Amino acid sequence: MNCREIHFYIDDYLSGSFSPGLREEFEGHLQSCFDCRNFADEEKNLMERMRDRAVPEPPPGYWEQLETRIGARVLADEIGKIGAEYVPSGSRAAMWRILVPLAAVLVLMFLSFSWKEPSGGMRASSFSPELIGNYSVVQMEFRADTVSVPEIMNSLLLTSPGMAGYGLIQMERLTRMGWEEF
Amino acid sequence: MELRDLVERFIKGDQKAFAELVRRYERKVYSIAYRMLENHLDADEVTQETFVRIYEKRHEIRDTNFFTSLILRIATNYAIDLLRKKQRRFISVDDTDEMLPTVEVEMAALTESPDSALLNEELGAIIEKGIGLLPTRQRVTVILHDVEGFSKTEVAMAMGCPEATVRSNLHIARAKLKKWLAKRLK
Ligand SMILES: [Zn+2]
Numbered sequence: 016m017n018c019r020e021i022h023f024y025i026d027d028y029l030s031g032s033f034s035p036g037l038r039e040e041f042e043g044h045l046q047s048c049f050d051c052r053n054f055a056d057e058e059k060n061l062m063e064r065m066r067d068r069a070v071p072e073p074p075p076g077y078w079e080q081l082e083t084r085i086g087a088r089v090l091a092d093e094i095g096k097i098g099a100e101y102v103p104s105g106s107r108a109a110m111w112r113i114l115v116p117l118a119a120v121l122v123l124m125f126l127s128f129s130w131k132e133p134s135g136g137m138r139a140s141s142f143s144p145e146l147i148g149n150y151s152v153v154q155m156e157f158r159a160d161t162v163s164v165p166e167i168m169n170s171l172l173l174t175s176p177g178m179a180g181y182g183l184i185q186m187e188r189l190t191r192m193g194w195e196e197f
Numbered sequence: 007m008e009l010r011d012l013v014e015r016f017i018k019g020d021q022k023a024f025a026e027l028v029r030r031y032e033r034k035v036y037s038i039a040y041r042m043l044e045n046h047l048d049a050d051e052v053t054q055e056t057f058v059r060i061y062e063k064r065h066e067i068r069d070t071n072f073f074t075s076l077i078l079r080i081a082t083n084y085a086i087d088l089l090r091k092k093q094r095r096f097i098s099v100d101d102t103d104e105m106l107p108t109v110e111v112e113m114a115a116l117t118e119s120p121d122s123a124l125l126n127e128e129l130g131a132i133i134e135k136g137i138g139l140l141p142t143r144q145r146v147t148v149i150l151h152d153v154e155g156f157s158k159t160e161v162a163m164a165m166g167c168p169e170a171t172v173r174s175n176l177h178i179a180r181a182k183l184k185k186w187l188a189k190r191l192k
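Residue numbers (this note's numbering), protein chains in the order written: chain A, 16 to 197; chain B, 7 to 192.
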């Protein structure tokens, strides 16, 4: 091996991915060449220090909360698409414009729950307009204790401000109707 | 479950597979984003956005390798965009006159303290600062390969360049970092 090859293969040498034969050849050169020995030492030190540095731990409970938010965002996207398909025109359009966001909010809450609970759950691909129209069914299965309303509204706002607006109005109505868990 | 099975199920729209992939990759993505943006809120935004986007792009994914490099690509591109949006100015490592004041402070601590544990800690901090001053593509390459330990193939796919470019970026970046470190320790 020559000096050029030492520079080129330094990572393979340091990571230990060389075959014993190549390793011997590499080390043979290092023993006979001061510059390369120096280079290999520096490189090794630098790499070790770079890999040592951990980033600060995020606040407690962060990962769980992140997973919930991602799940909610993804579901809001799915429902938004279905909603867009089912609001083309006609007299029922206005109804869908209210029902879809409301269903989105409710289903999100349900899903946020099931996201953490592998046994339950619902697949986004299994959503049908019947289900969205039939949002009361989803309401019954919903548990409010696992996710906060601001969290969901935040997810919705990022995805679709319009949807979030409708969702908020519907949520307020539900609260006035006595759904205290909200 | 094997990563390959998870990715296959995810491509077909399996929510549980997606949730599991999020759990497996969230720390890596967060860590890359944090190293690029150096604060929790931005790292959080990048992490969340990366997974939402990979979900939207799931139909384009061909295999497991592609999945990993796509995650890396989305995360680093988003982080770079965010950096640009914040109009953060990059100072080249070569511009030593414009050294940040915090580095001066660290230097003072370094020369005053003979304690070797602290020395190691300070060395790490100086290198980190140096990485932060590299030009964007070199910086991303160093973070993905040297710091986070992804392979040259994965990094090349993520950055959309040949492996030779990854090698030369690493070569140049490490030489700069060593120079930077030597200057700081003089
Ligand atoms: Zn040599």
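Each hint should be verified, as a subset may be incorrect.
[What the hints assert, rightly or not] Where chain B lies over chain A, by a calculated footprint (3+ residues, C-beta under 8 Å): (1) 36-42; (2) 57-68; (3) 85-92.
[Stated by the list, open to error] Derived DEER-like restraints, expressed as beta-carbon distance ranges: (4) A:Glu20 <-> B:Lys91: 40 to 46 Å; (5) A:Asp67 <-> B:Ala188: 17 to 23 Å; (6) A:Trp78 <-> B:Asp69: 22 to 28 Å; (7) B:Glu51 <-> A:Tyr24: 35 to 41 Å; (8) A:Gly76 <-> B:Glu62: 24 to 30 Å; (9) B:Arg33 <-> A:Leu29: 23 to 29 Å; (10) A:Glu20 <-> B:His65: 39 to 45 Å; (11) B:Lys185 <-> A:Ser30: 19 to 25 Å.
The hints are simulated quantities; they were obtained by calculation from the structure and are not laboratory data.
Every value quoted in this text rests on a predicted model; they were computed, and no experiment measured them.
We put the beta carbon where it would ideally sit given N, CA and C, even for glycine.
Hints and how they fare:
1. 36-42: violated (count 0)
2. 57-68: Since three or more residues must qualify, the claim that chain B covers the stretch 57-68 of chain A holds, with 9 doing so at under 8 Å.
3. 85-92: With 5 residues in contact (Cβ-Cβ under 8 Å with chain B), the coverage given for the stretch 85-92 of chain A holds.
4. A:Glu20 <-> B:Lys91: 40 to 46 Å: 43 Å, holds
5. A:Asp67 <-> B:Ala188: 17 to 23 Å: For A:Asp67 and B:Ala188 the Cβ distance comes to about 19 Å; the hint holds.
6. A:Trp78 <-> B:Asp69: 22 to 28 Å: 27 Å, holds
7. B:Glu51 <-> A:Tyr24: 35 to 41 Å: 39 Å, holds
8. A:Gly76 <-> B:Glu62: 24 to 30 Å: 27 Å, holds
9. B:Arg33 <-> A:Leu29: 23 to 29 Å: Since B:Arg33 and A:Leu29 have Cβ atoms about 24 Å apart, the given range 23 to 29 Å holds.
10. A:Glu20 <-> B:His65: 39 to 45 Å: 43 Å, holds
11. B:Lys185 <-> A:Ser30: 19 to 25 Å: 24 Å, holds
Hint compliance for this structure: hint 1 is the single one not met.
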